[in-house]
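*Asks:* Chains as they are written, first to last, in the working numbering: chain A, 1 to 316; chain B, 1 to 447.
A portion of the hints provided could be inaccurate.
[To be verified] With a straight-line cut-off of 16 Å between C-alpha atoms, the simulated EDC-like cross-links for lysine to aspartate or glutamate are: (1) B/K104 to A/E288; (2) B/K125 to B/E164; (3) A/K313 to B/E149; (4) A/K221 to B/D37; (5) A/K283 to B/D37.
[Stated by the list, open to error] Now the in silico label distances, taken between C-beta atoms and shown as ranges: (6) A/R229 to B/F340: 35 to 43 Å; (7) B/Q137 to A/P272: 19 to 27 Å; (8) A/A266 to B/D285: 39 to 47 Å; (9) B/Q99 to A/P270: 38 to 46 Å; (10) A/K313 to B/D83: 25 to 33 Å; (11) A/T257 to B/Q99: 19 to 27 Å.
The set of hints was computed from the structure by calculation and includes no laboratory data.
Don't be surprised by glycine CBs; every beta carbon is placed ideally from N, CA and C.
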Amino acid sequence: MSARGAIQYLRERKGTALSVTLHILVLGWGLVSFSTRSVEAPQEDVIPVDISMDNTSQMTQGIKSGKKENPKPLAEKVAEAKPVDDVQGKVSKTDVVTSTSAPDPTPKPVEKPVEKKPDPKPEPKKEEPKKAEKKPDEKANDPIADALKADAKKPPPKQETKAAPPQPPKPKERTFDQSKIAALLDKRDPSHTAVTGATLNSNAALGTPTGHSNAMVATWKGAFVSAVRRCFNFPYNGVDSDQFEADIDINLRPDGTVASDPVIVAVRGPSPSVARALAESAKRAVMECQAYAFLPKDQYSTWKYIPMTFGLKDLL
Amino acid sequence: MIKAPSLTRRRFMIATGSTVAALSASSAWGQGRLKIDPDNFQPLPIAIPAFVPGTPADGQAGADIAGVITNNLRRSGLFAPIDPATFIEHINNIDVAPQFPSWKQINAQDLVTGRVTRQGDGRLKAEFRLWDVGTAQQLTGQQYVTSPEYWRRIAHIISDQIYERLTGEKGYFDTRVVFIDESGPSERRIKKLAIMDQDGANVRYLTRGTDLVLTPRFSPSTQEITYMEFGQGDPRVYLYNIETGQREIVGNFPGMSFAPRFAPDGQRIIMSLQEGGNANLFVMDLRSKSTTRLTDTPAIDTSPSYAPDGSRICFESDRGGRPQIYVMAAGGGPAQRISFDNADPSASYSTPVWSPRGDYIAFTKQGGGQFAIGIIKPDGSGERILTSGFHNEGPTFAPNGRVLMFFRDPGGNSGPSLFTVDVSGRNEQRVPTPGYASDPAWSPLLS
Numbered sequence: 001m002s003a004r005g006a007i008q009y010l011r012e013r014k015g016t017a018l019s020v021t022l023h024i025l026v027l028g029w030g031l032v033s034f035s036t037r038s039v040e041a042p043q044e045d046v047i048p049v050d051i052s053m054d055n056t057s058q059m060t061q062g063i064k065s066g067k068k069e070n071p072k073p074l075a076e077k078v079a080e081a082k083p084v085d086d087v088q089g090k091v092s093k094t095d096v097v098t099s100t101s102a103p104d105p106t107p108k109p110v111e112k113p114v115e116k117k118p119d120p121k122p123e124p125k126k127e128e129p130k131k132a133e134k135k136p137d138e139k140a141n142d143p144i145a146d147a148l149k150a151d152a153k154k155p156p157p158k159q160e161t162k163a164a165p166p167q168p169p170k171p172k173e174r175t176f177d178q179s180k181i182a183a184l185l186d187k188r189d190p191s192h193t194a195v196t197g198a199t200l201n202s203n204a205a206l207g208t209p210t211g212h213s214n215a216m217v218a219t220w221k222g223a224f225v226s227a228v229r230r231c232f233n234f235p236y237n238g239v240d241s242d243q244f245e246a247d248i249d250i251n252l253r254p255d256g257t258v259a260s261d262p263v264i265v266a267v268r269g270p271s272p273s274v275a276r277a278l279a280e281s282a283k284r285a286v287m288e289c290q291a292y293a294f295l296p297k298d299q300y301s302t303w304k305y306i307p308m309t310f311g312l313k314d315l316l
Numbered sequence: 001m002i003k004a005p006s007l008t009r010r011r012f013m014i015a016t017g018s019t020v021a022a023l024s025a026s027s028a029w030g031q032g033r034l035k036i037d038p039d040n041f042q043p044l045p046i047a048i049p050a051f052v053p054g055t056p057a058d059g060q061a062g063a064d065i066a067g068v069i070t071n072n073l074r075r076s077g078l079f080a081p082i083d084p085a086t087f088i089e090h091i092n093n094i095d096v097a098p099q100f101p102s103w104k105q106i107n108a109q110d111l112v113t114g115r116v117t118r119q120g121d122g123r124l125k126a127e128f129r130l131w132d133v134g135t136a137q138q139l140t141g142q143q144y145v146t147s148p149e150y151w152r153r154i155a156h157i158i159s160d161q162i163y164e165r166l167t168g169e170k171g172y173f174d175t176r177v178v179f180i181d182e183s184g185p186s187e188r189r190i191k192k193l194a195i196m197d198q199d200g201a202n203v204r205y206l207t208r209g210t211d212l213v214l215t216p217r218f219s220p221s222t223q224e225i226t227y228m229e230f231g232q233g234d235p236r237v238y239l240y241n242i243e244t245g246q247r248e249i250v251g252n253f254p255g256m257s258f259a260p261r262f263a264p265d266g267q268r269i270i271m272s273l274q275e276g277g278n279a280n281l282f283v284m285d286l287r288s289k290s291t292t293r294l295t296d297t298p299a300i301d302t303s304p305s306y307a308p309d310g311s312r313i314c315f316e317s318d319r320g321g322r323p324q325i326y327v328m329a330a331g332g333g334p335a336q337r338i339s340f341d342n343a344d345p346s347a348s349y350s351t352p353v354w355s356p357r358g359d360y361i362a363f364t365k366q367g368g369g370q371f372a373i374g375i376i377k378p379d380g381s382g383e384r385i386l387t388s389g390f391h392n393e394g395p396t397f398a399p400n401g402r403v404l405m406f407f408r409d410p411g412g413n414s415g416p417s418l419f420t421v422d423v424s425g426r427n428e429q430r431v432p433t434p435g436y437a438s439d440p441a442w443s444p445l446l447s
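Excised from the complex, chain A in its bound form (with noise of 0.2 Å):
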């Protein structure tokens, strides 16, 4: 009907137009006043990141107390001859890599897993990466999708760099997929975050020559701190906790154990013999709760010295 009819029909509705009159008040004010300034997110790079690193902690630790159900998906394709390897010399060149930033290339800790495992024989190994690299793809584990959408951008720029290769064999991906998809289904799901945490990512970065690098040390950073937080518990009792301070400076292998005694560097506080005790129990902390094993190998020079500040704020 036309605006002309519109009006016309509600002149001889009074009820109606009032109706619709308050209506449209109504919800243009709701628009108005229910609208919100996005919020900015706090300047924080530790909780995205946080779930997968631990999980990757565990896996990489393996040897001390990984879940042994968690095997990692990953590690399954890698299972046959060391599909990483395969990845690593498809994908971005493991040799190359190992001698200039990652002096440690770490297929060991992937492959404790891979003992666990029963190897799925049938597939090809040239299907292994692809299949590495198409994780973000199988719709069916849709947790995993969720759980990669912070790594998602890192497995594609790495298909980027090979279009060509991976598109042959999807086809034949597919029927695979359908007899293993419960078997990769009941293992993957626990672990997978963490593999594509450690593994891909590494991987990924070396690929890229900006940007992640700057946002692998911001997330490690935050895990780290995460991880000596567990061990730091010292007690105090007195009003002016946010006074205290040391700074500790430690010396990291690339295993990431701590290469040294760490190093008091400066102590601040009104009484100095606590500001001692806080250090010393900073110290302990730090040996404790390595090895930090889940710090990105190729990114060991950058985390191969951490120079720490302990304190005691918001203890009151």
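Fit chain B to the given chain A structure using the hints.
*Replies:* Relative to the frame of chain A, chain B by itself:
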């Protein structure tokens, strides 16, 4: 052929990638150090198995000593002793390293092992080692010898050692508390001067309760107490020697003398002397008996307390109307009021006492129908209330300035009890006493 270019390209990308990585590594700490703060306040989990008996007869002593240490550390609020029933390893030799994995398994962060032996000469020897479970290191170890009846003091001294090694603060367990023991119906209370260990053990009565006694205070030397007693005439300040039991009147003043405290050097007593309807502060030298007037106001100046360096005193005065806290040079002169409650101008502040650390003055505050214990910095800033209720009064500091003791009277037919609380306001604990108790004063460290 396709491979060659991609290899080259890949090499290039990796080279640039690792260069960027290297660059970002050097600039990774441009922003400064990683800041690490604790999640929240957590008492340290510590395991204290019974001390190994050096001879079969020492089994009870070994268990008792460990029990006193456990109780001390738990009551401090900074430690969480682990239930011995969960211990996996049984310590029977303290000269070999413990099996740390088994202590780690029960989440002990620290472990105390010890041994007690009755020697041939009848004296008791106690040794202990403090271990950090996480790094499998011994942090400290000591041994002590004493007469068997002082076994509790050894336990307190060991508690102080552990406390100091792990917190950096001096401990306060080897101390005593003098207080007023109260018994009988509220309208006819019998008040006796009493002394006990800070954990409530070894209670001893110093007076018989025939006369009313108030505000006992320790000398820095710990062997003397000064207090006020209502004798035949006016209330007087007395000096009491704990070891000999001797007591003497301090000074020969007309009128009432009350609210006495020792100067940090133990050679002088500061107190309040009544003058007509007023009361002013005087200091008396215990050797020369000479007296010096510190205030001269038409008001009631009372409850004086020295700063630990002896340079200033804080006291309570109603010269401004209601009781407030003032700070003044130890030799007298102008006094600055430091207590203010802008939200409640009718609030009154009383019983100030200066912390042995010098950083805070504790007080009783009355306002809004409540009695609160609080602390304030000597310049008047940083006031915080630690506990508030129907009645709380009379704070006294532990020697490390981190814990306060005070008394609380629920009113009615009941009577007062002693409580402790951290200066942070945490960890309020009741102090066990034989009966009702009030007016506590904490001694310096005995050792």
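*Asks:* Against this structure, judge whether each hint is valid.
*Replies:* Hints, verified against the model:
Of the supplied pair hints, the one linking B/K104 and A/E288 holds, its CA atoms being roughly 11 Å apart against a limit of 16 Å. A hinted pair counts as satisfied when its Cα atoms are at most 16 Å apart, and B/K125 with B/E164 does not qualify at roughly 22 Å. Of the pairs offered as hints, the one joining A/K313 and B/E149 is violated, with about 44 Å between alpha carbons and a cut-off of 16 Å exceeded. For the hint linking A/K221 to B/D37, the alpha-carbon distance of about 14 Å falls within 16 Å, and the restraint holds.
Of the pairs offered as hints, the one joining A/K283 and B/D37 holds, with about 13 Å between alpha carbons and a cut-off of 16 Å not exceeded. The beta-carbon spacing between A/R229 and B/F340, approximately 40 Å, falls within the hinted interval of 35 to 43 Å. Range check, B/Q137 to A/P272: about 22 Å between beta-carbon atoms, so the 19 to 27 Å window is met. A C-beta distance of roughly 46 Å is found between A/A266 and B/D285, which places it inside the suggested range of 39 to 47 Å.
Between B/Q99 and A/P270, the C-beta spacing of about 39 Å keeps the proposed range 38 to 46 Å intact. A C-beta distance of roughly 32 Å is found between A/K313 and B/D83, which places it inside the suggested range of 25 to 33 Å. One distance hint, 19 to 27 Å for the beta-carbon pair A/T257 and B/Q99, holds here, with the actual separation near 23 Å.
In terms of the numbered hints stated before, the structure departs from hints 2 and 3, listed from lowest to highest.
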